[in-house]
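*Asks:* Spelled out from the first residue to the last, the chains are:
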Amino acid sequence: MEINLLVFGQLADITGKTELRISDVKNTDELNKKLAEQYPKWPAIKYRLAVNKKIVQDNTLLNDNDMVALLPPFSGG
Amino acid sequence: MTEKKKHNVFLKGPITPAYIADSIAKHSGKTNIGAHDIFLGQVRNDLIDDKAVIAIDYSAYDEMAEQKFHEIREAAFAKYNLVCMHIYHSLGLVKAGEICLFVFVSSKHRNDAFDACREIVEQIKAEVPIWGKEIFADESHVWKENR
Chain Y
1 MEINLLVFGQ
11 LADITGKTEL
21 RISDVKNTDE
31 LNKKLAEQYP
41 KWPAIKYRLA
51 VNKKIVQDNT
61 LLNDNDMVAL
71 LPPFSGG
Chain S
1 MTEKKKHNVF
11 LKGPITPAYI
21 ADSIAKHSGK
31 TNIGAHDIFL
41 GQVRNDLIDD
51 KAVIAIDYSA
61 YDEMAEQKFH
71 EIREAAFAKY
81 NLVCMHIYHS
91 LGLVKAGEIC
101 LFVFVSSKHR
111 NDAFDACREI
121 VEQIKAEVPI
131 WGKEIFADES
141 HVWKENR
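Protein chains in written order, with our numbering: chain Y, 1 to 77; chain S, 1 to 147.
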């Protein structure tokens, strides 16, 4: 199974891309772990996750083709 | 009567004074309005490690941001007695001294406009997925964080 990942702000500086496909992650905890392993420079900043445009707080089950977004602290306005 | 017409919040580049003036002029026909409150966000040339910010490059998670703007709008109309409301935010490059946020709230009496405008601005800063990349003259950058 694969999910779509959207990356924003300073996190996109690290991935070098704003859109990625990630495979074999069952939930958001596994996704976070995988990203930290894949990118040694993964920052210690707090970021939030949105699954299909809804912000999730706790570990959340992921389904095939879910749209997951990594949201660093907002700075609009 | 309230007007809740949807429009695009995001504008490419800075919001010009002419655009703002034109928006004000468009309300002259709505004679049930007695008070407008306007908030304008302007890009500041902050000094960070002795380097001055010359511009902010704004990006957003468009679909989620539009949804959030819609929720903020609906909540303000439910809570305050407003005649109309417009929110515009820049995307892309906005230079120091230029306008990046324009919130325009109109009501019959001043208190609704004052209170709603402030609340909307605070919600935009805290809840809408928009990011500002602060650019320096040497082309390096840092990512802004709202306080």
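Derived by calculation from the structure, the hints in this document are not laboratory data. Keep in mind that a hint or two might mislead.
[Said to hold, decoys possible] Think about it this way: if two alpha-carbon atoms lie no more than 25 Å apart in a straight line, the pair counts; the simulated DSS-like pairs of lysine-lysine are:
| no. | chain 1 | residue 1 | chain 2 | residue 2 |
| --- | --- | --- | --- | --- |
| 1 | Y | K33 | Y | K17 |
| 2 | Y | K54 | S | K26 |
| 3 | S | K30 | Y | K53 |
[Claimed, not checked] Listed below are several chain Y residues computed to face chain S (Cβ distance under 7 Å; list not exhaustive):
| no. | residue |
| --- | --- |
| 4 | W42 |
| 5 | A69 |
| 6 | L71 |
Note that the coordinates shown come from a computational prediction; the quantities given were computed from them, not determined experimentally. Yeah, the Cβ is synthetic: ideal placement off N, Cα and C, and Gly gets one too.
*Asks:* If any of the earlier hints don't hold here, list their numbers in rising order.
*Replies:* Hints 2, 3, 4 are the ones this structure does not satisfy, whereas the remaining hints hold.
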